[in-house]
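S.K.: Throw the hints in and build the complete structure from the sequences for me.
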Amino acid sequence: MLFFSFFKTLIDHDVTVELKNDIQIRGILKSVDQYLNIKLEDISVVDELKYPHLSAVKNIFIRGSVVRYVHLPAAAVDIPLLEDATRREAANQAGKAK
Amino acid sequence: MMENLSISDPPLLGPGGMVLGPPPQPQHLPAQMFTTAAQLLDLTDKKLMVALRDGRKLVGILRSWDQYANLLLQSTKERLFVPPGYGPNPSRGLYADIERGVFVVRGENVLLLGEIDLDKDDDPPPGYDLADIELVQSLAKKCKAEDKVKEKSRLKKLATLGFEGESSGEVLL
Chain D
1 MLFFSFFKTL IDHDVTVELK NDIQIRGILK SVDQYLNIKL EDISVVDELK
51 YPHLSAVKNI FIRGSVVRYV HLPAAAVDIP LLEDATRREA ANQAGKAK
Chain R
1 MMENLSISDP PLLGPGGMVL GPPPQPQHLP AQMFTTAAQL LDLTDKKLMV
51 ALRDGRKLVG ILRSWDQYAN LLLQSTKERL FVPPGYGPNP SRGLYADIER
101 GVFVVRGENV LLLGEIDLDK DDDPPPGYDL ADIELVQSLA KKCKAEDKVK
151 EKSRLKKLAT LGFEGESSGE VLL
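The listed protein sequences derive, respectively, from chains D and R. All letters in the first sequence, in the order written, are residues 1 to 98 by the UniProt record's numbering. All letters in the second sequence, in the order written, are residues 1 to 173 by the UniProt record's numbering.
Hints may be right or wrong, so weigh each one.
As the list claims (entries may be wrong) - Capping the alpha-carbon separation at 30 Å, the derived lysine-lysine pairs in DSS-like fashion look like this:
no., chain 1, residue 1, chain 2, residue 2
1, D, K20, R, K157
2, R, K148, R, K77
3, D, K50, R, K141
4, D, K58, R, K144
Keep in mind that the hints were calculated from the coordinates and are not lab data.
M.R.: See below:
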């Protein structure tokens, strides 16, 4: 659940989500769930003219399974905290495996 | 828990009969509930654009859903697009709506749900014109066939380099 928690810390930040079909959608991260489904508000689409179906869309729910990358705002990421959480998660997993 | 307030309730009066503005909002659930259901709850009864795994775009009103994100859409239209270069005017794209009525979509087939801004919904997408359904259907078919050929040769080339397409078996458009 590390990434779920991590994305929750990014709520209300501007992110760009790149989908597996190469669409890039920029918007304010409003919600995320356990499948890493993502909800963005006030979106803008990179290369908008290529994707006419998104022209009238303002808020979007993206299924986690179609996301390729999430571009993060570097300033919003607390790297020492993330490193710490990652180690703890890894230790937990190792503990479970035994 | 819900307070029963209505528009006709008298405004709150402060000391000396000063109007204090609208009555306080009832306490709702926490603003963010990080579950699929909470995300879909916000979208219920809204006009949505649903992009499916097979490339279809549906526009309809979300009336119901469940924990798997299976969706029930009302007054659904399938919206077909043909990019510029295929129609009579090569600099403009074409689109058409096909009435589909009530649609039940299995959750796994959904790529994304877009809430439609009703102000922008009246205008056609920039660069696109509304056209006759049959014309758009035949052009879309041609366009899809060409894309398929292109995609196939792309995957073939990638395969010789040792790549396996992440979307093989899945048309992501």
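S.K.: Evaluate each hint against the coordinates.
M.R.: Results of checking the hints against the structure:
Among the hinted pairs, K20/D with K157/R is consistent with the structure: their alpha-carbon atoms are about 19 Å apart, no more than 30 Å. Simply put, K148/R and K77/R have alpha-carbon atoms about 25 Å apart, close enough for the 30 Å limit, and the pair holds. Simply put, K50/D and K141/R have alpha-carbon atoms about 18 Å apart, close enough for the 30 Å limit, and the pair holds. Taking the CA atoms of K58/D and K144/R, the gap is about 27 Å. The hint holds against a cut of 30 Å.
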